[in-house]
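Chemist: Starting from the known structure of chain E, fit chain X onto it as the hints suggest.
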Amino acid sequence: MIAAASAPALFLLSVGASALGGALGMASGIFIVPLLTMVAGIDVHLAIGASIVSVIACSCGSAAPFLNERLTNVRLAIVLETATTLGAASGVLLAGLIPVPALYAAFAAVLLVSAWQMLTRRREGAVISADAPRDGWTGRLDAVYPDRNLGHEIPYQVQRLPMGLSLMYGAGLLSALLGIGSGVLKIPAMDAALRLPIKVSSATSNFMIGVTAAASAGAYFIRGAVAPEIAGPVALGSVVGALLGARLLVFVAPARLRIVFVAVLLVLAAWMGLAAAGVRGGM
Amino acid sequence: MAASTLDRLNVGLARLLALGTWTSCAVIAVGMASAPLGLGQPWGGAHVILSGIVVLIALPTIRVTMMALWFLWNGERDFALIAALVLAIILASTLIGAGAA
Numbered sequence: 003m004i005a006a007a008s009a010p011a012l013f014l015l016s017v018g019a020s021a022l023g024g025a026l027g028m029a030s031g032i033f034i035v036p037l038l039t040m041v042a043g044i045d046v047h048l049a050i051g052a053s054i055v056s057v058i059a060c061s062c063g064s065a066a067p068f069l070n071e072r073l074t075n076v077r078l079a080i081v082l083e084t085a086t087t088l089g090a091a092s093g094v095l096l097a098g099l100i101p102v103p104a105l106y107a108a109f110a111a112v113l114l115v116s117a118w119q120m121l122t123r124r125r126e127g128a129v130i131s132a133d134a135p136r137d138g139w140t141g142r143l144d145a146v147y148p149d150r151n152l153g154h155e156i157p158y159q160v161q162r163l164p165m166g167l168s169l170m171y172g173a174g175l176l177s178a179l180l181g182i183g184s185g186v187l188k189i190p191a192m193d194a195a196l197r198l199p200i201k202v203s204s205a206t207s208n209f210m211i212g213v214t215a216a217a218s219a220g221a222y223f224i225r226g227a228v229a230p231e232i233a234g235p236v237a238l239g240s241v242v243g244a245l246l247g248a249r250l251l252v253f254v255a256p257a258r259l260r261i262v263f264v265a266v267l268l269v270l271a272a273w274m275g276l277a278a279a280g281v282r283g284g285m
Numbered sequence: 805m806a807a808s809t810l811d812r813l814n815v816g817l818a819r820l821l822a823l824g825t826w827t828s829c830a831v832i833a834v835g836m837a838s839a840p841l842g843l844g845q846p847w848g849g850a851h852v853i854l855s856g857i858v859v860l861i862a863l864p865t866i867r868v869t870m871m872a873l874w875f876l877w878n879g880e881r882d883f884a885l886i887a888a889l890v891l892a893i894i895l896a897s898t899l900i901g902a903g904a905a
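Residue numbers (the working numbering), protein chains in the order written: chain E, 3 to 285; chain X, 805 to 905.
Chain E extracted, bound-state conformation (with noise of 0.2 Å):
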């Protein structure tokens, strides 16, 4: 089947599916194992290898000019980063227990909790100011970002750590099961248990997906479910696509392109749960 699907198609797939997710500021990961596996018929293993390093290549391609601009916490990063890939490397070791249908529900389940999100904006929740600076170990992991709009930094403390560290082990678990950068679970897990707000959320959680992908390509790598002639298209495909998408924003209305991903997610969920039920059909 792979013969099937040439490097220039995967890699038009994989620009396609980053613009797509890009220009929603969602990463193309969600998309990459669906249209691998049932589009271009690719063992689901193989799409996991691929779509894992598309996901780091995303994740550190796009970092800089939120590092540049403050929006990213390093340090919370890091804290969080022991939880993310201890969860990757549960997910490497489960990986090769689960069978394949289960790994079709799970990510039929993904995409349709993916579209609800999609549905219901985030809005800014309460988030803490800090106007003296805490003390203690924690009280280091708060910072300030700078708001364009009001013109002025603003202060913020971490919340409720545990909760986050607990979120982000199954976030990591998640990612390295089913090859996506899981920003299902790491921004719910920042909005609602760190109170972060949603800039700093969004920044530090791309900062992170490099390094929690990085914890189950390096093995998926040595197990050889990294093939170069489908990894290498769909990587270089989804930085040209993310890209793109950046752009894309300034030529289409935001609320037509959501109804677009919206409807690609719930296409892309029911033929995924089909498969998980045995009813497969290629294209």
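No lab work stands behind these hints: they were computed from the structure.
For glycine and all other residues, C-beta sits at the position ideal for the given N, C-alpha and C.
Don't take every hint at face value.
Simulated restraints, written as ranges between beta carbons of each label pair [as the list claims (entries may be wrong)]: (1) 257/E to 827/X: 34 to 40 Å; (2) 858/X to 146/E: 35 to 41 Å; (3) 246/E to 858/X: 23 to 29 Å.
Modeler: Relative to chain E, chain X alone:
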């Protein structure tokens, strides 16, 4: 900790990640472009693409190493230790995961 010191870390990490991504993407692109030309080793085909992928997979680990050294250099031993722990988990995940297959 002075904000300007942390800023320097941010700028350094931004440079590392951007440079690493572009280098690996360029290598992958060369590998892909050379395949139809029928170029043999060492300039063509799968193993050029594979070396680009290796750079990509190594990049986040290099980033964590850079953070560990920066924290150590600035006397923040606890954060240096946390970064070292992340490195150890990545290494363990890679080795155990590869062995379990």
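Chemist: State for each hint whether it applies.
Modeler: Hint check results:
| no. | hint | result |
| --- | --- | --- |
| 1 | 257/E to 827/X: 34 to 40 Å | holds (38 Å) |
| 2 | 858/X to 146/E: 35 to 41 Å | holds (38 Å) |
| 3 | 246/E to 858/X: 23 to 29 Å | holds (26 Å) |
Hint check: no violations occur; every hint is consistent with the structure.
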